[in-house]
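Chemist: Letter by letter, the chains look like this.
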Amino acid sequence: MPAVSKGDGMRGLAVFISDIRNCKSKEAEIKRINKELANIRSKFKGDKALDGYSKKKYVCKLLFIFLLGHDIDFGHMEAVNLLSSNKYTEKQIGYLFISVLVNSTSELIRLINNGVKNDLTSRNPTFMCLALHCIANVGSREMGEAFAADIPRILVAGDSMDSVKQSAALCLLRLYKASPDLVPMGEWTARVVHLLNDQHMGVVTAAVSLITCLCKKNPEDFKTCVSLAVSRLSRIVSSASTDLQDYTYYFVPAPWLSVKLLRLLQCYAPPEDAAVKGRLVECLETVLNKAQEPPKSKKVQHSNAKNAVLFETISLIIHYDSEPNLLVRACNQLGQFLQHRETNLRYLALESMCTLASSEFSHEAVKTHIDTVINALKTERDVSVRQRAADLLYAMCDRSNAKQIVSEMLRYLETADYAIREEIVLKVAILAEKYAVDYSWYVDTILNLIRIAGDYVSEEVWYRVLQIVTNRDDVQGYAAKTVFEALQAPACHENMVKVGGYILGEFGNLIAGDPRSSPPVQFSLLHSKFHLCSVATRALLLSTYIKFINLFPETKATIQAVLRAGSQLRNADVELQQRAVEYLTLSSIASTDVLATVLEEMPPFPERESSILAKLKRKKGPGAASTLDDGRREPGPGGDVNGGVEPAPSTGSTPSPSADLLGLRAAPPPAAPPAPPSAGSLLVDVFSDSPTGGPPSLGPSPEEAFLSPAAEDPGIPIPEADELLHKFVCKNSGVLFENALLQIGVKSEFRQNLGRMYLFYGNKTSVQFQNFCPTVTHPGDLQSQLVVQTKRVPGQVDGGAQVQQVLNIECLRDFLTPPLLTVRFRYGGAPQALTLKLPVTINKFFQPTEMAAQAFFQRWKQLSLPQQEAQKIFQANHPMDSEVTKAKPCWTTWTQTQRTMWVLGSCRPKPCRWAACCGSSPTPRPRCTA
Amino acid sequence: MMRFMLLFSRQGKLRLQKWYLAMSDKERKKMVRELMQVVLARKPKMCSFLEWRDLKVVYKRYASLYFCCAIEGQDNELITLELIHRYVELLDKYFGSVCELDIIFNFEKAYFILDEFLMGGDVQDTSKKSVLKAIEQADLLQEEDESPRSVLEEMGLA
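Residue numbers (the UniProt record's numbering), protein chains in the order written: chain B, 1 to 930; chain F, 1 to 158.
If a hint is listed, it holds; no wrong ones were tucked in.
A partial selection of chain B residues facing chain F, derived with a Cβ cut-off under 8 Å:
#, residue
1, Y88
2, H133
3, G139
4, S140
5, L170
6, Y249
7, W256
8, V259
9, A308
10, E312
11, N344
12, L348
13, S384
If you're looking for bench data, these hints aren't it; they were derived computationally from the structure.
If you're wondering where the values come from, they're calculated on a predicted model, not measured in any experiment.
We put the CB at the ideal spot given by N, CA and C, even for glycine.
Using the sequences and the accompanying hints, generate a full structural model.
Modeler: This is how it looks when you write it as structure tokens:
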């Protein structure tokens, strides 16, 4: 191996570099560089033609100067000359200069392209590789236009050298990424896929990258790559550590290729072919097994390469999200890494677990590591690892552990790095809101946030707490009391003053009865902070004062005196001055009634997506937002991943930061704000797969008008109730009912004998519904068969708004009739009522059991009593889609001597085959076989 | 896909930069400055990965030199770490116990080796032998190039 000969080709360059290194100061260096630049310039401009060697030397010097951080604005022509040279070393330096320094000035590109074209057609593999590298390095559109058609040909040509093929594959990849439209698809694509079978591992390595990119745009064209990739992967993972010779890296066979193949497979769904899938699952298991084997080397390179493959394998398992066994194994493996001594592994394990937390199969398994993760948050010395731990806690949070996680995050916040405080604040705010069972906990949490990290509590967060308090009357008194106490601290954050000012202005009356927080005390407490606050906060406080005059007439004199003070009336800030003047006048001339009307309590905020969530997504950048959105595939109660949009947010949105928030509205809106124009679509958006719904009737039907809202009788279900019910036999979400006034959406999830259903009542009009009251009744025997617990909903539904009701359902015995849902409300004074059948049918509580035909008939034959057996052959009403039946058995019921029997759709591939099944004696969990 | 690779010293001197995505000089300089600051501020036992802007950064220090790669969100961090190591091995094999000075004085060679190994931000060949063979061949061409001046033309055409 030559050792020192490399530099001596250009002694002048080495001397120059030494000179630069010997410079004692920055100034000396710049002086030396300028001298050299002048020298090179004069040489290039000189009359005497430079020989190739000198050109090469000077171009190299320019490159070096560029690397030192100086701008280079000449020498390009000389570089182009060099790359057109026939001498390899000159060509190489020419290409290097272009690849490091090229500015795609069109004239130059044309000249470069000429040289590149010559080399591409030279049939000299070394030259061809240089040219391909240059195209890949520059990758500009002009280059793409000139060469995109040639490169596929070079790639699949039978006589191309392996090294040329490798370069061509990657060059094409680069061009395709830069301008996909320029790369023509054609017969070469099939041949590219077959490069996966190439004998040369280097060619395969390069080709996999290309295919991974191409197949994303044309998955069908490249579908055959899946089985090829699987067999290649399988050969690699099962090979002994020395089989692949130079492609074995520290006893790990072809780790780069393995990782790339696993990445390619992540572009596709699990293979349909059972043999391919079997082979792949075997590979994945082998990788997981190998992770448990003792290491073949103590070198960190060995474990890194091995774990690189392992992590990519886990990514694939998560991508498939269909093999519970593998998911849980992956989770256990990552759990081991959480306590590994290598920081890198702990970091990656935390990161990878974040995605595992969003799979329904592994969410619970991830949750078991909560203590380790909390410990990591407290003890990791590296902020980036702590950040991952916080992310994971956020991802694994659900109703069961929300309080613990929120309190740990709050504790962490006290010592957290400044860089991540705001993000933690946002996360805590979201989790606290999302999983708040009692809203006093929520209020406490947010006030704690302000106390601990007030500077990092953004507007969105404190707006949000005000909205929630305004919209929920059960927490207003508590909120008023708590902020009052918080404000008593000798030093409190300005955000606390804002929240306190707003809440006391709206709800201070709720605590005014206590002499310790009597109106004058409240006022003087707030006013004691006034002078320390910014203009915006003072403006808010002024609004609070005028509200106080309305709420507590006894404070009028004091407050008027404050407003009248010269420091307010003649304040240099125009906003403060205007408020002081207007409020003073208002309080002096308006009658009590007018004042009460003007300063009426704020109406509830309309419901929209949490603005905090939007902010977090913005903050994390587009990439992270998408991972947040990748929710669990089947969102259910408490099971939807954090960060996803809730089916219906339970609270309001951010008001515009202007006057609205400050209660400055001249008068409250007449009855309710007009419906936002998008209200209709907003409601429908909740259910992406919603059917078109029943034909909307124009106003209440005659039957409905008869039903008195006061009657306890649930009433007769509307005529189309059965039809509506049948739509939901095989699905769990959609629009249950819709007419001109009201839309009722449903979203439900069932597990074993328990279910949870969300009902969304959307007011389609612009007028508020009053006395809104949905009730659930159990006709007949249903009382003893099914328990439905409902949560109260607010009595008013504003125009365009949507309210959500949660139903917890427990099946005690088998049942035939569904429970009834009666919705009563007043619309413009006229009572409205309608009764629907709630889409709860016995099949929701079925659990499918796979059973071989033999076992089934054996069971079937054991049923000897006459009433245990019945058979009915009937025509299917709808064509059976095997996919649908597989997921949700289609059924019909009939009774026979107190026993219920179901016929289930066959789960077998042939849709025409049906198997009868028997319902055994009624149990809390009726199990059926098919 | 790798976005760029930087080699810089503990003193914050840039020794090599390779960009796989078109970007203005100004933007490049800004990114280099920013990233160097972030990486140099990290302590020895910290993890080799960090999130930076919308990219993942993988870095490792060899003696006085930091090797630093920026990769995209879905790329594998550990294999990138080993990619750095393989590059260091290639340099080491070529220069014979490589040190920062070798890279300063022979930066063009460091580029050539990198180009044989990576292309367009993707691994071209992971075999140490193939990469070194390619470089050796080039060196051979170079030596033949430079000795007998009279036959230069023929050699170039060969």
